[in-house]
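Participant: Taking the hints into account, I'd like the entire structure generated from these sequences.
Under this note's numbering, the first residue of the sequence shown carries the number -19, and numbering increases by one thereafter.
These are computed hints drawn from the structure, not numbers from a lab. All values derive from a computational prediction rather than experimental measurement. Glycine included, every Cβ here is placed at the ideal spot set by N, Cα and C. A couple of the hints might just be wrong.
As a list, the in silico EDC-like pairs of lysine to aspartate or glutamate whose alpha-carbon atoms are at most 20 Å apart [as the list claims (entries may be wrong)]:
no.: 1; residue 1: Lys22; residue 2: Glu(-9)
no.: 2; residue 1: Lys(-15); residue 2: Glu14
no.: 3; residue 1: Lys22; residue 2: Asp(-13)
no.: 4; residue 1: Lys(-15); residue 2: Asp(-1)
no.: 5; residue 1: Lys22; residue 2: Asp(-16)
no.: 6; residue 1: Lys(-15); residue 2: Asp8
no.: 7; residue 1: Lys(-15); residue 2: Asp13
no.: 8; residue 1: Lys(-15); residue 2: Asp21
Now the in silico label distances, taken between C-beta atoms and shown as ranges [as the list claims (entries may be wrong)]:
no.: 9; residue 1: Pro4; residue 2: Gly24; range: 18 to 26 Å
no.: 10; residue 1: Asp21; residue 2: Leu1; range: 14 to 22 Å
no.: 11; residue 1: Asn2; residue 2: Thr26; range: 25 to 33 Å
no.: 12; residue 1: Glu(-9); residue 2: Ile11; range: 14 to 22 Å
no.: 13; residue 1: Asn(-4); residue 2: Lys22; range: 16 to 24 Å
no.: 14; residue 1: Asn2; residue 2: Gly24; range: 24 to 32 Å
no.: 15; residue 1: Met25; residue 2: Gln(-5); range: 27 to 35 Å
no.: 16; residue 1: Glu(-9); residue 2: Glu14; range: 13 to 21 Å
no.: 17; residue 1: Asn(-4); residue 2: Asn17; range: 16 to 24 Å
no.: 18; residue 1: Thr26; residue 2: Tyr(-14); range: 15 to 23 Å
no.: 19; residue 1: Met25; residue 2: Ile(-2); range: 13 to 21 Å
no.: 20; residue 1: Asp(-13); residue 2: Ile12; range: 14 to 22 Å
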Amino acid sequence: MLDDKYDFTPETNYQNIIDTLNLPYHLDGIIIDEFNNVISDKFGMTPYHELDYFYE
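Facilitator: Following this line, the structure appears as structure tokens:
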């Protein structure tokens, strides 16, 4: 979905895309998951996941 609209590269400013989409804050996690899928599929990289992110 997002990969069709934006030309993702390793240098892409993903926060700028989130800001441009202007979605409700609670959807940011869904968009970040989509970015992780794009990065994994397009670049063969495994995104960094901090398991305790929501528990700090």
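Participant: Each of the hints needs a verdict: does it hold here or not?
Facilitator: Against the structure, the hints:
At roughly 13 Å between alpha-carbon atoms, Lys22 and Glu(-9) fall within 20 Å of each other, so this suggested pair holds. Distance check on the hinted pair: Lys(-15) and Glu14 sit about 13 Å apart at the alpha-carbon level, within 20 Å; holds. A threshold of 20 Å between alpha carbons decides the hint, and for Lys22 with Asp(-13) the separation of about 11 Å falls inside it, so the pair holds. Of the pairs offered as hints, the one joining Lys(-15) and Asp(-1) holds, with about 15 Å between alpha carbons and a cut-off of 20 Å not exceeded.
The suggested pairing of Lys22 with Asp(-16) holds, with an alpha-carbon distance near 12 Å, which does not exceed 20 Å. Proposed proximity of Lys(-15) and Asp8 is supported: the alpha carbons are some 17 Å apart, at most 20 Å. Restraint check for Lys(-15) and Asp13: the C-alpha separation of about 16 Å stays at or below 20 Å, so the hint holds. This hinted pair checks out: Lys(-15) and Asp21 have alpha carbons roughly 16 Å apart, not beyond 20 Å.
Remark: the range hint 18 to 26 Å for Pro4 to Gly24 is contradicted by a beta-carbon distance near 32 Å. At roughly 20 Å, the beta-carbon separation of Asp21 and Leu1 lies within the given 14 to 22 Å, and the hint holds. The hinted window of 25 to 33 Å between Asn2 and Thr26 holds, with their beta carbons roughly 29 Å apart. Range check, Glu(-9) to Ile11: Cβ separation about 18 Å, and the 14 to 22 Å hint holds.
At roughly 18 Å, the beta carbons of Asn(-4) and Lys22 sit within the given window of 16 to 24 Å. For the pair Asn2 and Gly24, the beta carbons lie near 31 Å from each other, so the given range of 24 to 32 Å is met. Here the CB-CB span from Met25 to Gln(-5) is close to 18 Å, at odds with the stated 27 to 35 Å. Roughly 18 Å separates the CB atoms of Glu(-9) and Glu14, a value that falls within the hinted 13 to 21 Å.
The hinted range of 16 to 24 Å is satisfied by Asn(-4) and Asn17, whose Cβ atoms lie roughly 19 Å apart. Distance hint check for Thr26 and Tyr(-14): the Cβ-Cβ separation is about 21 Å, which falls inside the suggested range of 15 to 23 Å. The hinted window of 13 to 21 Å between Met25 and Ile(-2) holds, with their beta carbons roughly 19 Å apart. Taking the beta carbon of each, Asp(-13) and Ile12 are about 19 Å apart, inside 14 to 22 Å as hinted.
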